[in-house]
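Trainee: Okay, here's what each chain looks like letter by letter:
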Amino acid sequence: MLRCARDTDTARPGTCNQPLSTYTVSALYAAAPRRVNANKNRVKVEIRMTQLTLFDKIWAQHEILKAENGNSLLWIDRHYIHEGSFQGFDKVEARGEKVARPDLTFGIADHYVPTSHGRVFNDPTLRHMVEQLVDNTKKHGIMLMGMNDPRQGIVHVVGPEQGLTMPGLLIVCGDSHTATHGALGAIAIGIGASEVSHVMLTQTLWQKKPRRMRITVDGKTAPGIGAKDIALSIIAKIGTNGGQGYAIEFAGRAIRALSMEGRLTLCNLAIEAGARTGMVAPDETTFAYVRGKPFAPKGADFDRAVQIWQQLPSDPDAAFDTEVSLDASGIAPVVTWGTSPEDALPIDGAVPDPAQMDDPARAQQMQGALDYMGLNARQKLTDIRIDRVFIGSCTNARIEDLRAAAAVLAGRKAKVPGLVSAGSTMVKHQAEQEGLDKVFTAAGLTWGESGCSMCLGINGDIVPPGERCASTTNRNFRGRQGPGARTHLMSPAMVAAAAVNGHLADVRPLLQERA
Amino acid sequence: MQSFKMQPFTRLDGTAVALRRDNVDTDQVIPARFLKVARAEGLGDALFRDLRFDADGKPRPDFPLNDPARKGASVLIGRKNFGVGSSREAAVYALVDYGIRCVAATSFGDIFAGNAVNNGLVAAIVSEEDIEKLLSAVEQTGKAEVDLEEQTIKSGNYVVPFTIDPARRMRLLNGWDDLDLTKQYKSQIDAFAAKDKAERPWAVPAG
Chain H
1 MLRCARDTDT ARPGTCNQPL STYTVSALYA AAPRRVNANK NRVKVEIRMT QLTLFDKIWA
61 QHEILKAENG NSLLWIDRHY IHEGSFQGFD KVEARGEKVA RPDLTFGIAD HYVPTSHGRV
121 FNDPTLRHMV EQLVDNTKKH GIMLMGMNDP RQGIVHVVGP EQGLTMPGLL IVCGDSHTAT
181 HGALGAIAIG IGASEVSHVM LTQTLWQKKP RRMRITVDGK TAPGIGAKDI ALSIIAKIGT
241 NGGQGYAIEF AGRAIRALSM EGRLTLCNLA IEAGARTGMV APDETTFAYV RGKPFAPKGA
301 DFDRAVQIWQ QLPSDPDAAF DTEVSLDASG IAPVVTWGTS PEDALPIDGA VPDPAQMDDP
361 ARAQQMQGAL DYMGLNARQK LTDIRIDRVF IGSCTNARIE DLRAAAAVLA GRKAKVPGLV
421 SAGSTMVKHQ AEQEGLDKVF TAAGLTWGES GCSMCLGING DIVPPGERCA STTNRNFRGR
481 QGPGARTHLM SPAMVAAAAV NGHLADVRPL LQERA
Chain F
1 MQSFKMQPFT RLDGTAVALR RDNVDTDQVI PARFLKVARA EGLGDALFRD LRFDADGKPR
61 PDFPLNDPAR KGASVLIGRK NFGVGSSREA AVYALVDYGI RCVAATSFGD IFAGNAVNNG
121 LVAAIVSEED IEKLLSAVEQ TGKAEVDLEE QTIKSGNYVV PFTIDPARRM RLLNGWDDLD
181 LTKQYKSQID AFAAKDKAER PWAVPAG
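Chain order of the listed sequences is H and F. Using the numbering used here, the first residue of the first sequence is number 1, and each one after it goes up by one. Using the numbering used here, the first residue of the second sequence is number 1, and each one after it goes up by one.
Treat the hints with care, as some may be off.
What the hints assert, rightly or not - Cut-off 20 Å, straight-line C-alpha distance, at most; resulting in silico cross-link-like pairs (SDA-like, lysine to any residue):
#	chain 1	residue 1	chain 2	residue 2
1	H	Lys66	F	Leu181
2	H	Lys415	H	Pro294
3	H	Lys98	F	Asp177
4	F	Lys58	H	Tyr372
5	H	Lys66	F	Leu179
6	H	Lys209	F	Leu181
7	F	Lys143	F	Asn157
8	H	Lys293	F	Pro205
9	F	Lys143	F	Gly207
10	H	Lys209	F	Ile189
11	H	Lys237	H	Leu345
12	H	Lys208	F	Gly207
13	H	Lys66	F	Lys195
14	H	Lys237	H	Arg211
15	H	Lys293	H	Arg304
16	F	Lys36	H	Val120
17	H	Lys66	F	Gly207
18	H	Lys209	F	Thr182
19	H	Lys66	F	Thr152
20	F	Lys195	H	Lys415
21	H	Lys438	H	Glu400
22	H	Lys298	F	Gly207
23	F	Lys186	H	Ala67
24	F	Lys195	H	Arg101
25	H	Lys208	F	Asn119
26	H	Lys293	H	Glu400
27	F	Lys197	H	Ala100
28	H	Lys66	F	Ala194
29	F	Lys197	H	Asp303
What the hints assert, rightly or not - One side only, chain F facing chain H, incomplete, derived with CB under 7 Å:
#	residue
30	Asp22
31	Gln28
32	Lys36
33	Asn81
34	Ile111
35	Asn115
36	Glu129
37	Gly142
38	Ala167
39	Asp180
40	Thr182
Quick caveat, the hints were computed from the structure, so don't treat them as lab data. Heads up, the beta-carbon is just placed ideally off N, CA and C, and yes, glycines get one too.
Put together the whole structure using the sequences plus the hints.
Mentor: What follows is the structure in structure tokens.
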């Protein structure tokens with residue numbers, strides 16, 4: 001284990017024998033916390049001695065100051081807001097103030113928008129939520145990608161898609177799945193309503209610096225294995241509190257091999273491991289993705305930005321507080337059986353038996369989950385029949401996800417009803433250009449408009465009580481998709497396989513039939 | 001518009017309730033369908049809605065909060081990983097509006113713990129061994145004394161220590177709002193913003 005100082009605040013000359021970083025001196029200054037800038041020579045020495053992580057570099061660049069209580073005041077580059085941000089606006093109004101930086105604040109309608117054709121509201125309270133966002137953004141001069149805007153979609157799909165999310169930025173949003181944006185090599189933090197109002201009023205946020213964890217996934221995934229399978233395998237390994245207090249960097253050959261869509265899925269689920277944020281170092285895949293996006297720098301400006309972004313990846317000998325590793329070749333398609341994302345198992349497994357638990361409290365919890373889910377101990381996972389499927393959410397509704405599901409469904413019929421809601425209106429249009437919508441509707445599924453939809457069911461799209469849903473979403477919590485709903489999480493390809501079979505199923509035989 | 005000022009917290013001697021569950025996520029604390037409700041309307045009735053009430057709205061007799069002896073509870077003892085999942089601050093509003101001022105658990109969701117301090121709710125971290133003692137004691141006595149200065153929770157014959165981030169403890173003890181602190185640094189924030197704009201032109205949204 002490296003003994004190098006873990007951050008610039010504690011670094012002391014002569015305590016570290018690691019090779020010098022390849023940074024230029026100007027980059028070193030950029031990475032140094034402002035409060036020690038008074039003594040430039042000292043900064044130069046200290047930083048040169050310190051090997052920094054991706055997270056450290058971006059954190060240092062955004063640290064306005066560090067207070068005596070140890071918390072840092074951070075500058076926020078992007079604040080994404082949605083209908084649920086009304087609590088934040090209410091607090092701003094209560095103080096009689098205005099949003100400080102509307103130019104860095106972006107409104108997107110996603111949580112409450114209907115997915116029905118023509119966006120028909122069946123409930124006036126939902127319409128009110130969407131209109132409230134229109135009113136609030138107008139009042140404060142904030143750009144809105146509203147319900148009928150061609151750029152509309154789920155905030156965690158739209159941010160990257162529009163080039164608002166870029167490497168090196170610090171991004172916040174009043175939504176726990178904000179970690180998604182870390183896939184581009186940004187620090188992205190989900191915050192609560194009080195913090196939303198704090199950012200609205202000051203464009204800053206107080207944070208205690210989290211510890212750094214690196215999860216290295218080496219090896220090569222087998223055909224049919226997606227980012228969702230990797231993410232659920234990680235959560236099953238470290239638990240839903242395994243990442244608490246950490247910023248996670250995902251690294252290794254299997255991560256580098258992921259497309260940007262796959263990386264977004266992976267970082268999206270960092271919160272389900274309890275982490276403050278998840279990140280992937282920016283590389284050529286990232287730069288190619290960002291290039292040409294509407295809000296990204298253009299031409300020579302973009303090339304200059306890339307040069308800066310190329311310096312962001314963790315230094316070779318940067319020290320992490322915790323290291324976890326996984327072999328990608330050992331990952332099978334994964335489904336969840338219980339009411340926590342850590343209740344994940346390979347599809348060829350069986351429902352666990354509470355009687356075999358050593359801890360009686362844990363056994364009782366497990367029995368409670370089985371009762372809620374309507375499952376029997378030792379039941380084969382492939383024997384679990386489903387009532388419906390949902391393909392959507394900020395986790396798995398990007399174009400690559402829809403292609404993966406459509407590849408399984410093409411020429412086949414779903415045995416259960418289901419809804420497909422693209423991650424954004426742009427993804428929806430692209431899917432329609434590729435004919436994917438026809439594949440879904442021919443299979444018997446409904447092709448809806450874009451929004452958060454049945455992931456949390458607050459727009460009216462719910463799984464009815466007692467029904468079982470194979471879902472590409474992020475949470476199998478009790479009642480998440482509606483009161484009494486039973487959710488099994490899995491990849492888009494696995495949801496498609498479940499739809500075709502009417503029960504949880506291994507997608508691989510279906511793919512092999514095609515090969 | 002009503003303003004919700006933070007109340008300083010030092011000591012609390014109140015009715016306590018034990019919730020022997022791991023991973024009580026914020027979807028369970030307050031189901032998403034109540035997130036439309038403005039804070040001014042109060043969210044106490046929505047607390048643990050689907051755990052407290054059945055589909056017909058009848059109280060579930062086996063849910064601890066429904067025990068008539070625990071009416072008006074102000075301390076909640078949980079287990080592992082309380083408040084994980086969604087960032088919804090309404091989970092904290094629901095607890096506070098119901099009357100809960102302290103939740104003890106062996107660990108908390110990070111965002112929940114941040115939201116808690118912003119609303120004067122103490123999220124006390126207790127060791128695994130002590131939480132079991134505390135759960136049993138509270139089930140018997142129905143009472144708990146929380147001392148934030150001493151960082152202890154007492155119930156019956158047990159006194160267990162708890163941990164909390166020192167900065168959060170100070171804020172809770174004094175009822176400090178983060179914004180008041182931040183406003184003191186306005187000139188530093190403005191200077192940073194100006195310097196940053198010059199140093200990182202690429203970070204400004206184009207288009």
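Trainee: Next, verify each hint and record whether it holds.
Mentor: Verification of the supplied hints:
1. H:Lys66 - F:Leu181: Holds, at about 12 Å.
2. H:Lys415 - H:Pro294: 41 Å, violated
3. H:Lys98 - F:Asp177: Given that 20 Å is the threshold and the Cα spacing comes to 18 Å, the pair holds.
4. F:Lys58 - H:Tyr372: The given pair, whose Cα atoms are some 18 Å apart, holds under the 20 Å limit.
5. H:Lys66 - F:Leu179: 15 Å, holds
6. H:Lys209 - F:Leu181: 18 Å, holds
7. F:Lys143 - F:Asn157: Between Lys143 of chain F and Asn157 of chain F the Cα gap is close to 11 Å, so the pair holds against 20 Å.
8. H:Lys293 - F:Pro205: Distance ~11 Å between Lys293 of chain H and Pro205 of chain F Cα, so the pair holds.
9. F:Lys143 - F:Gly207: Not OK: Lys143 of chain F and Gly207 of chain F at ~60 Å, beyond 20 Å, violated.
10. H:Lys209 - F:Ile189: Holds, at roughly 19 Å.
11. H:Lys237 - H:Leu345: At roughly 10 Å apart (the allowed maximum being 20 Å), Leu345 of chain H and Lys237 of chain H satisfy the hint.
12. H:Lys208 - F:Gly207: Judged against 20 Å, a Cα distance of about 34 Å means the pair is violated.
13. H:Lys66 - F:Lys195: Holds: Lys66 of chain H and Lys195 of chain F sit about 17 Å apart, inside 20 Å.
14. H:Lys237 - H:Arg211: OK: Lys237 of chain H and Arg211 of chain H at ~19 Å, within 20 Å.
15. H:Lys293 - H:Arg304: This hinted pair holds, its Cα atoms lying about 16 Å apart.
16. F:Lys36 - H:Val120: 19 Å, holds
17. H:Lys66 - F:Gly207: 34 Å, violated
18. H:Lys209 - F:Thr182: Status holds; Cα separation ~17 Å.
19. H:Lys66 - F:Thr152: Violated, because 29 Å separates the two Cα atoms, which is more than 20 Å.
20. F:Lys195 - H:Lys415: 60 Å, violated
21. H:Lys438 - H:Glu400: Holds, at roughly 16 Å.
22. H:Lys298 - F:Gly207: 9 Å, holds
23. F:Lys186 - H:Ala67: 14 Å, holds
24. F:Lys195 - H:Arg101: Since the Cα atoms of Lys195 of chain F and Arg101 of chain H sit roughly 16 Å apart, the hinted pair holds (cutoff 20 Å).
25. H:Lys208 - F:Asn119: OK: Lys208 of chain H and Asn119 of chain F at ~18 Å, within 20 Å.
26. H:Lys293 - H:Glu400: 18 Å, holds
27. F:Lys197 - H:Ala100: The given pair, whose Cα atoms are some 16 Å apart, holds under the 20 Å limit.
28. H:Lys66 - F:Ala194: 19 Å, holds
29. F:Lys197 - H:Asp303: Distance of about 18 Å is within 20 Å: holds.
30. Asp22: 6 Å, holds
31. Gln28: 6 Å, holds
32. Lys36: 6 Å, holds
33. Asn81: This hint holds: Asn81 of chain F lies near chain H, its Cβ roughly 5 Å from the closest one there, short of 7 Å.
34. Ile111: 6 Å, holds
35. Asn115: 4 Å, holds
36. Glu129: Hint violated; Glu129 of chain F Cβ to chain H Cβ min 13 Å, cut 7 Å.
37. Gly142: The hint is violated - Gly142 of chain F has no Cβ within 7 Å of chain H, the shortest such distance being about 21 Å.
38. Ala167: 4 Å, holds
39. Asp180: With a closest approach of 11 Å, the Asp180 of chain F hint is violated.
40. Thr182: 5 Å, holds
In summary, the structure is inconsistent with hints 2, 9, 12, 17, 19, 20, 36, 37 and 39 from the numbered list given earlier, while agreeing with the others.
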